[in-house]
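Peer 1: Here is what each chain is made of, one letter per residue.
Number of protein chains: 2
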Amino acid sequence: MCARTGGPLTALAVVFGAAVAFAPIPRITWEHTEVQLARFHQPGIFNYSALLLSADADTLYVGAREAVFAVDTLNVSQKRHEAYWKVSEDKQARCAEKGKSRQTECLNYIRVLQPLGTTALYVCGTNAFQPACDHLDLASFQFLGRHEDGKGRCPFDPAQSYTSVMVDGELYSGTSYNFLGSEPIISRNSSHSPLRTEYAIPWLNEPSFVHAEVLGGSADGVEGGDDRVYFFFTEVSVEFEFLSKLLIPRVARVCKGDQGGLRTLQKKWTTFLKARLLCGRPDGSLFFNVLRSVFVLRAPDLQEPVLYGVFTPQLNNVGLSAVCAYSLSAAEEVFARGKYMQSATVEQSHTKWVRYSGPVPSPRPGACIDREARAANFSSSLSLPDKTLQFVKDHPLMDDSVTPTGSGPRLVKSGVNYTQIVVDRTRALDGTAYDVMFVSTDRGALHKAISLEGDVHIIEETQLFPDREPVQTLLLSALKGRRFIYAGSNSGVVQAPVAFCGKHSTCEDCVLARDPYCAWSPAPAACVALHQTESPGRALIQDMGGEVSACPASSPMPSPPPGSSLSCLGPGSSSSPRSPWPASGSGPDGRPRVTLLPPLLSDQAQRVPAMGTFHLFCQATGPADAHVVWEKNGRELEACVPVQTLALPGGGAHVLSWLQDAVRESTEYRCSVRSSAGSQASGVRVTVLEPEVTPQEKWTRELATWRAVAGEHGRLMQSWRKAWESCNKDTF
Amino acid sequence: MCARTGGPLTALAVVFGAAVAFAPIPRITWEHTEVQLARFHQPGIFNYSALLLSADADTLYVGAREAVFAVDTLNVSQKRHEAYWKVSEDKQARCAEKGKSRQTECLNYIRVLQPLGTTALYVCGTNAFQPACDHLDLASFQFLGRHEDGKGRCPFDPAQSYTSVMVDGELYSGTSYNFLGSEPIISRNSSHSPLRTEYAIPWLNEPSFVHAEVLGGSADGVEGGDDRVYFFFTEVSVEFEFLSKLLIPRVARVCKGDQGGLRTLQKKWTTFLKARLLCGRPDGSLFFNVLRSVFVLRAPDLQEPVLYGVFTPQLNNVGLSAVCAYSLSAAEEVFARGKYMQSATVEQSHTKWVRYSGPVPSPRPGACIDREARAANFSSSLSLPDKTLQFVKDHPLMDDSVTPTGSGPRLVKSGVNYTQIVVDRTRALDGTAYDVMFVSTDRGALHKAISLEGDVHIIEETQLFPDREPVQTLLLSALKGRRFIYAGSNSGVVQAPVAFCGKHSTCEDCVLARDPYCAWSPAPAACVALHQTESPGRALIQDMGGEVSACPASSPMPSPPPGSSLSCLGPGSSSSPRSPWPASGSGPDGRPRVTLLPPLLSDQAQRVPAMGTFHLFCQATGPADAHVVWEKNGRELEACVPVQTLALPGGGAHVLSWLQDAVRESTEYRCSVRSSAGSQASGVRVTVLEPEVTPQEKWTRELATWRAVAGEHGRLMQSWRKAWESCNKDTF
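Protein sequences appear in the order of chains A and G. Take the first sequence: its position 117, counted from the start at 1, is 117 in the working numbering, and no numbers get skipped. Take any residue in the second sequence, count from 1 to its spot, add 1000: that is its number in the working numbering.
Just chain A, with the same shape it has in the complex (with noise of 0.2 Å):
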């Protein structure tokens, strides 16, 4: 089954891809019943949200509603062990009489699990509306029972964004600071050196916290500063306006050394600077102003990471997702040397950002305590002048804008709303290096694309959960023969390998994947993946171009078996060599026995919109008692089939029968020819390409159309019986 979905037919479906703007389609799609992947779900546990791999890549550690689990990361649905972390009845309580849902908000979603030290691990929880915070003893897989206030760095409300990431052991996190929601914070959690941003809207204007990643520093190739910690999120735009709330993507960053200010900004950053981060196209035409996810792409290879970022439009998002890429200097480049904006205030209730044109105060506002900063005896933040901060205080955001690598987006994708996003980067097997994206769906599936020849080519697409939830979490897990993707949604975890080579079956296959994973192996005759082969020797074939010329040879056109009657119907060829009808095979008892003819069902492998008609057909030749039985979604079907019969010479018969059928989801078909000498049977899945409705435009519509295909139903029987009339009106 799925070497059809994967078969000559989807491969055509890239073709349909190609004719549509922004709607590169999947080569292949991968069901989730046709590929192995690993499940982990615990009964009556929701929500896994958290995902972290431990130090040695040998533990998955997934944080979901009310627990946390270690898993094997080569297998998923293989639990280690398991902490439970209960709300407790009396806090349930009191959080329902505020109002909350007893049943789904006032439990304990854990946002936060990161790292402390080797030993234990850092676990917040929502908490039923009180966040709380706890330390996971790995060895005992035990909470120590600590009970932390976990306001600041966890959200009180599950609905709410968050982000966080644990450096030195101090966690730094993005999230809202009260039981509203209503205000926004970036902080670190120290015990000596606490810091927090201002409440104010210039500095946070109702975020949507993304990502949180220490970057920068001698690691990552900066010269002379210390970590910087950037934060990623959306938030309601001050600086431009329109008829409702404008959203504007942003990257802000914070100095790991910071230490606030003696007297202004005490216990506040003195080093909070934020900037737009643009995605779309350098005309404005395309514009992608939400931000759904980051992914920090680090290689041997290169020379500073790169910034990936997962968006959608705020403004006419009728399916649109894109994917843009920065470089970390471009970032860094804004902080360090770009123009501030400040606010002014018009007819005293209004106010503008413009560029701020005046002079700038030293050492320079925002700015990491760097050398130069020492040399001027500027040791800490503590010891900054007033005025420096005073003025950062005032113009926390840039004018200036990061705008992406290659000045557009990577890949834009239309009739998908994409959520999260990983890279992986990739050799291909002529030392070429691809950054192959894995970016996830709201509707469950995992989309694997890379940029060949400045065009994006979506390599597969693999339906991870069944039931089409949106992805939560994606994991990359990079190590050499454990290169999996992990992603957690409401329902489970479930773990996929980063490729599929085994599925190709043929050389062609393997190639025209044009996945730098896979080749063709002549040896054992099977496509493998690079990663998992000890030595990529000279003997494998890959060619991203996808050029299939190097496959061992085959005969590329079919030479129609001696005796049968497929035969090439052309101009002039029309008078060539007719051979009767093959007599239906017989069995060692001589008994004519059930052949299929072509075309299988199975070489009529489709994908149709929904509710968009399409038909079958199915023939065979057999004994005289041979009859056809249609199965849809492994029930024989009730509706009327057409079907033809005919009495061959020697007892024979041949069968012909066509279904016309319109469904709304993707459905598995089987046609069985079944007689007294045996049965065959060949199946097929017509895969309805996605919807794009919401479900109550979606319902209301249907009633229309369902009318309307009643009314209709009645005609095409008529006409097909008119046909019928006019050919038989001679004899029979």
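Heads up, none of these hints are tricks.
Per label pair, the in silico range of CB-to-CB distance:
#1 GLY358(A) <-> ILE1201(G): 23 to 31 Å
#2 SER383(A) <-> PRO1359(G): 48 to 56 Å
#3 GLY358(A) <-> LYS1339(G): 29 to 37 Å
#4 LYS1245(G) <-> SER383(A): 39 to 47 Å
#5 TYR199(A) <-> LYS1245(G): 32 to 40 Å
#6 SER1357(G) <-> GLN266(A): 34 to 42 Å
#7 LYS1245(G) <-> ALA336(A): 27 to 35 Å
Derived by calculation from the structure, the hints in this document are not laboratory data. If you're wondering where the values come from, they're calculated on a predicted model, not measured in any experiment. The C-beta atom is built at its ideal place from N, Cα and C for all residues, glycine as well.
Fit chain G to the supplied structure of chain A, relying on the hints for placement.
Peer 2: Chain G in isolation, oriented as in the chain A frame:
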């Protein structure tokens, strides 16, 4: 052919549309070859952009490049008169010297074609970047050679936008005033009181003029004021800011009685006010900010005119269009009682527009001189106080917006760029009034849509122009018995009836069209146009809900003809009585004749995505030499098409052939089964869904596509070969 395109499968295409957001699919598509459309084109003449109906609706005046024509409104291919207005060699040379193209720009594009009483037309043209106007005498159909200066009435550049309307012999126009096109102007060209707009950004900021029309006054039920002239345009917003220039649709109006100010606003409008014209979802998720076309619908049963607008988005326009409708009073209300906006200077160099909340002078700035004003001794704009005039000079922009009736679009359609709209209000058989929207596309098509039970129903799509060129102008003639749509493009003028009722050959088809113009007349058994029927009696059948039960009874299920083997397959029916295969029919000479067997090719009509793969099947019985010939768009197929031939008892043969193809454009297929005893053929049109790409994108993608197809072909053939081998392995 046409009946097929509008047949059962096209009807099911509605189903497809239903599942895709914003993609209502036309129920029927008429190719230009399928319907009778009168065309007018004069060899060598292009750019048929100006259309005007004569007062008696008997003659259509057509303004093209360097020519004006008079054609018959009942048949536009009947030319009555022609008048040429060519640019002199000398002028062309001077124009070319200024860097303009001699072949394209330095010609005379007719841009103004307005009635001048009943005896003449007022005509203006770009005249090789020296706009000029002339009178065309209708009796002699000759230009009078007046050569008036056309500056301010007609643009210099044929690429620039323009609009005009003749009111009481005075031309009101919106255009650009200079060679560069940088000075926009809305003016009245009047001998006794010429008026114009201030040349200032707050008045007009890079506008694209769309439409002008006289509205209001007693004729349109607006009390106590004089007529207003409304202008519709898109301009660069001053009040909003984003990364790039934000466009905004505007409605502006001036009063007919305006005579300018005495000192302030001397010879300028004292009544120029403009407001935003909103079209989008109230939640702000969909926002259409580029106005493309306006049509003002008036009808005896409408209390006031309805303003219909066609919009596209500026941002993220992946092929998206909308139609919004406004009541005249909604616009009047904003101008008469709305708040004004005012600008404030920020930091010397920036401007911000905010709501003006100070005192408003009296008489109200921008108001027409009404009874109240006259009673207060302001008999004309010349006597208005300076404070009022200065205020309107500084505050031409309203803060309130004109919002659509129903608060959202009437129609949103993805995958299309609408260009023009006309609306006809018509009554269905039951007396219900429908506003039928005729909307043209930039690819030469016309959509006809109505609102049905809150949902939009695109009754049909008509391909007006075979070359898919943009429709530039639409004109409706709504006279009883003469209901036509006239469409102008670069290549010519096309005339289409408002409905193609006669194309529906069955009662069910006629009713299912849900076309308010069409009803089924059982007596002649024909689908008739209501407006062409003398007495739409009770005998007619129409149901706008698509309920076909009122249609004359006809057997709803096919009863298989005696002796045929069309049987109904269902559970338990597998042992239903079998009949032998029908021997092929024989002719009078006893020789078997060719008989096509169902499903006929014509029953396999389908709509496919561009380059999406599909199958067609063709089978027949006939004499032994029967063979299949496939034709594609009238040419015999040169590709290899599989065919199976079976020798039947009695000397006949059964042939089965199946074609797999993928096409870029809608394509006609024909399967002919030929033999020495005659031939039979069946044809089908496979319709390609509109691609949504720019030519550039298409080109690069197609390259990749074709390479992929070429690579896949071999595999497809191999898989068929394998199937053959497996089914043949026993004997043959």
